[in-house]
Structures are given as C-alpha cells and as structure tokens.
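Peer 1: Heads up: the protein sequence lines correspond to chains A and B, in order. All letters in the first sequence, in the order written, are residues 163 to 551 by my numbering. All letters in the second sequence, in the order written, are residues 163 to 551 by my numbering.
These are computed hints drawn from the structure, not numbers from a lab. You may find that some hints are simply not true.
Identical copies look the same in the list; a pair holds intra-copy or inter-copy alike.
Below, a list of computed lysine to any residue pairs in the SDA-like style, where the Cα atoms sit at most 25 Å apart [claimed, not checked]:
no., residue 1, residue 2
1, Lys-164, Pro-230
2, Lys-262, Arg-440
3, Lys-262, Met-179
4, Lys-445, Ala-433
5, Lys-262, Pro-178
6, Lys-262, Asn-437
7, Lys-445, Leu-411
8, Lys-164, Glu-537
9, Lys-262, Ala-351
10, Lys-262, Leu-411
11, Lys-262, Ala-433
Keep in mind the model is a prediction, meaning the values are calculated, not measured.
Letter by letter, the chains look like this.
Number of protein chains: 2
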Amino acid sequence: MKITAIRETMVPLAAPMRNADIAFDAMTASAVAVVTDRIVDGRPLMGLGFDSIGRYGHGGLLRERFIPRLLAARPEDYAAAAGDAIDPLRAWAVMMRNEKAGGHGERAGAVGVLDAALWDLAAKAEGKPLWRVLADRFNGGRAPARVPTYASGGHYREGADEARAIAAELSAYRALGYTQFKIKVGGAALDRDKARIEAALAVAGGGGALAVDGNGAADRAAAFALLGALAPYGLRWFEEPCDPLDYALLAEISAAGFLPLATGENVFSAADTRNLLRYGGLKPARDRLQMDISLTYGVPEYLRIVALLEEAGWPRTRLVPHAGHLFSFHVVAGLGLGSHEAAPDGRLLFGGYPEGVAVEDGHVTPWDAPGTGFERKENLNRVFAPLLD
Amino acid sequence: MKITAIRETMVPLAAPMRNADIAFDAMTASAVAVVTDRIVDGRPLMGLGFDSIGRYGHGGLLRERFIPRLLAARPEDYAAAAGDAIDPLRAWAVMMRNEKAGGHGERAGAVGVLDAALWDLAAKAEGKPLWRVLADRFNGGRAPARVPTYASGGHYREGADEARAIAAELSAYRALGYTQFKIKVGGAALDRDKARIEAALAVAGGGGALAVDGNGAADRAAAFALLGALAPYGLRWFEEPCDPLDYALLAEISAAGFLPLATGENVFSAADTRNLLRYGGLKPARDRLQMDISLTYGVPEYLRIVALLEEAGWPRTRLVPHAGHLFSFHVVAGLGLGSHEAAPDGRLLFGGYPEGVAVEDGHVTPWDAPGTGFERKENLNRVFAPLLD
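Construct the entire structure; sequences and hints are all you get.
Peer 2: So this is what it looks like as structure tokens:
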C-alpha cells in the first residue's frame, strides 16, 4: 500500500474558557487525512487523525517536515510484514528520521496526529474498530467490555454565580450518564475555589467522584497552601499541582500526602516520563499518570512509556491519558488503561462520542464500526469533509 | 515604537555532513525581520534574527502563533520603560501568552529567533553593538576585550582517507587563527574514530586543544566503552556522551571520571536545565554547559538559566553555548561566558564571522558596528535581502 497524498487543515478550537494557566480563545487543532492507492468502494482508502487540545495545531510542522518525509519514503519502508498494508510503527520511524534526541515539544504532537491517522487507516484496512486492532497487537487480544470514562470540565468562565454554574454543568454531565467528574482549581482565590468545589461535590456525591486540576500554575507556597486547604475534601486526585517539570517539588508534595496526585499531560516522551518516574516521587498505588497519547508522538512512543511504567510497578489501570479525543478512547480500550477523559459537550470538536454512543453508569461500551469513528461525529465530519476529495 | 510587520523566510542549510545522531542534508533555518514605525535614514528601523542549526526552521510556528501575537499586541505592552524603544523582555512575555508549561521543543526556537531580532533592533535603536547592550544591561557593563572561540567541525563525510581529511580540515582552521578544535565521534567503529582523533590531535597539538562530540547517540554500554577508550587522550571535553535527557546515566558517566563532560544543547528551558543540574551529576570545576541561546527561547530564558547555574555554583566561564551563530557570539561576549563555538567555514550561512572580523590566537575581538552584524556577512545578507523591502 502506498501513501499517495496527505492533506491537512487547521481549525479553531476556540472556547470561552480558561484554566489556572492559559485561556483557550485562540486554540487551534490540525485534522489530517492520509490517502492511499488502495481503492475501496470506488474511493481511495484513507486514514484520519485529529489533534489533541491545549498545544495548538501543527500545520506548519506537518507541511515542513513530517508529511514530506512520509511522501518521500518508498512503500517498502513502511510496509507491514504481511498483507498489502502500512505498519504504523514503521511509518513512525520514517517520520522521525534526522530528528535529534531531546526537545520533546511541538513535533511530538505533529507526529502524533499523523500516527493517529495511520492507525485509523490500519483499522479500516482490517475492517475493525481501532481498539480491537490495538488490543490484538499490544494487549494479547484482551479488551474491556466497558471503558470507564469521566467528565472533564468546570473551567473558569466570566460571569456571576459561578458555583451555581458549576453545579448546573456537572448536573448536565450526570444526566448524560457520567458518574466521575473533574473541575479546574488554582485560578482564583481560595474562597472562590472552595465554593466551586463544594458545588461540584454536591452533584458528584462525594470526594471519591471528583478530581481537581491545577494545570501546573502554582509555585511551591501556593501548591502547599492549596493542597493543604483541599485535603479534607478527600478528592479523587489533584492534577498538576506544580510546574510539570519540577520533579523535586512534585516529590515534596507527594511526600506530604495531601491527596492522590495525577500528572504527565505536559510530558511528551518516554525520556521525560523516565525522569518523572525516577524523580517525581509518585506512588503507583495512589497516583495516576496522564501522558497524552496524541501529543506524545502517538502509539509507538506511548507503548515505550507503558513499558517503562510497567517496569516501575505501575499497573495500566493507573494510566488516565489527557484529553478526550476519540483516538485516546481507542487506546484506553485497546491497551486496557484506567479511564478515558471526556469533554462531554459534543458541540465541541474535541468533545463527546460518535453518534449513537452513550455513556451509561460512567462507562462507554466500545463500538464496532471500523476505524476511529471520526466520520460518525457530525462536527468533526464537517472538518474532514474538505480533505476527503 | 510600534512593530508594523514581521517578515520571515525559511532557507536550506543543507550540508553534506552527519554526526553520530542525524544527517544534515534536509536541514533548514528561518530568517526573520521585525519592522518598526521608526524611520532612520528614510527607511523603517528593523531587527534581524537568524535561526540556530540542528532543529530545522520555524516558519510554520512563527506564522501560526508568535508573529500574530506580536502584531496583535499594543505598543504599550512591549514598550521600554524609557525612550521610544521596544523592551525585548516585555515582547517575550507577549509571545509566550497562553503557552502551557512543559513541552520545551520547537516553540523555544521559534521564540528564540524572534527574540534575536528584537535584540538586534534594540541594539540598532541605541546605535550600539549587541554585545555592549547586553553587557550594560546584564553584566554590570563588563565585557571582555577578546572572546575565546573554538572551531567546531570534523563531521562524518563519505570518502576514503578520512583521517587525512580531518587533519586538512583542522589545519585550515588553524590557518584562520583557531587554536581550539572539536570533532565528531561515536558515529563509526572505534578504530575509525581513534584514527580520526589521532589525526586531529596532531594538528591541535594536544588533548587540551581538542574536544569530541558524541551527539547523544550512545547507549549505556557504548558510552562507557567509548569514553573508556578515549580517556587516555586527555581531551578537553567529551560532549553529549548519552541521551541528553538521561540524567541518571549522565551522572554515572560523570562519576566514572573518564574525561571532562559537556552537554545541554538539547535542553531548551530553565525548567529542563534545573533537572540537568539536580540529577546529571556534572561538576562546575570540570564540566561545561552548552544550552543554545537561540533554541532556548532567546535571552530572557537564557538569563534564567544563567541565574540557576550561578546559584548552583557554576561560573559563567563554564558556559559554552551551542552553535556558532552571530547572535550567540554577542551573548557570549555581553554576558562574559566561556567561549564561542564557531563553524569556521564562512561559506555556510551559520559559519564564520562578519567581513573584516578575524580570529587571532583563538580569540575574536568584539566589533563596534551597531546590532548583530548579519548585514556584514555576504551570504546572510542575501538571505535577508528579500525581507528588507
């Protein structure tokens, strides 16, 4: 199978929200389509990929480096061992030619969105849902009947009566079938954050069903003050309590034992994950790790991360990848990870599930249609439409 | 002073060379021009910036995020405290709005090349060479009369009689006035590397005048084998003996004491530098640090790095920034750092010094023309020409 074209477009993900670290009014994301010479039902077989959120689209990098490398490669450089198919792991090695070690930033997301499209392609070529392809190849064929999911929201928004707005937001998620929730903290005065948390707890039903996310904005004093103040709530986890690369401070916070911790969404490689594990003081029995599969060079690098974690005693169920994109859902299901983070609002490009997929009792049942399912989410389908002709 | 336009172009840096990690045949770099509403001699005052080498150009990121932010900012957001001028430190904060912590990769270089242009602009607005502006602002007015420089080369090239070619290359550098040299290692079998080193030593005159660069390609076993084999040569330093983010392995190698070490060119932030200092086991009295000023978000972040290093007991003279770009020369001179890495071949865009600047006895005397001096290097001048109208 030969890649004949790769098309990409960058779209706004603009949302009137902010966390403790950044605002999202100028956020963007890339959509890519990998076109092949295999004809199915009179049309070329294609794989689709869509960016994660929070790090902007990758159009320039895709056009400058990674798309040209794939297009210049010989088909035998990325051919699967058997059948007329492309092996995403081999295509990944083509993309990373002449890239230096270290500096795991934007290119990790650019490679990740192409990797997502190559897996979508592989699954469609096999006529299987992506989670099944991943489970067969990397999890001994095992895949859960239902995947735990949680509703991620509770951003800072302008306007009065914030606590009531948070309660209304989480109630709407509960009505959709969610039973686990996460809201933002650390972007306002403590009294305001406590009012937001208490409103959320009233809907969640208890600290075990509510996580909070500090987005890495707190310095040492602010982190200790905030975690100390929130410890009595017994929350499910406190996410990104400090700068994501300040492993020593993270280890101090971990040792203080305020709350279970979660971090990793701003760590974009196996090399950085290894340092987080060595120096961050996190505990497999208590904490969670959230590396974003798409922003971390995609599945090939994420598999290296999983291997590092398992070697360090972390069960896969403590992995809760960042961002609710559909690609992430398939990796969570296919590799047997802990939970899928969902932005429940399907009107957002990065929110919700394909048409007809419901959340029930906090779980989503993996679906059977081939590929990732971008085509069965109406607003994403509109984004991809110009790439398909 | 208002920024009225920012122009950029991406050019090939293609060179028929490779190190132990990557080849450079598709390497690119960005050139930028920041145009202002200040009219001097009938033309708008402009600042110029040119990328470092090794991490590709930054055209897409510049156009997608960092140029639009500067153009959208109000002049009062980046105005200097006194005079009709732009403060590069304030413009830097504008560029970094709504950028998340962590993930220090390509964006660090994109911001760095714009930062270089803003400093060139600031120096031209003051009618001073950039090193003088930096020395006055960040080094108590002190600047060295002569700046140590060293000739960086000795790449792997195809062809027979490699040892003779290396000797000829270094002899040419010596004829230009260089007295310190660096060549690549770790990209060939040990016998071949030893022949290359011995040929280089014959020109350099001794291990104290020759450093070698492994470019981070070696695993644990290869690193110990290679450093063990090269220790008897008493080289000036061994650069990037292992993966640039494997701080624990670096600490092991450091403790083994084979040779002085140097690293840091693939560490692109103060946050990553802090981890290198905490966990890498390097010794200020023996080793060197090589963070690339341009690839590390430019001067504002590099100042944070210098502050971290000084706090940890590193004198500025142990800092030897990666890459021979002209911008780096001014920062080395202005902040009083240890040495400037030069690619001596002026036919390369990233090589040599402006017309009329000579290397004498291994040193370069800082020059007096305002700004950075891109205009006085003929091949760079041709790159910038289309941006100036």
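Peer 1: Flag every earlier hint the structure violates by its number, smallest first.
Peer 2: none
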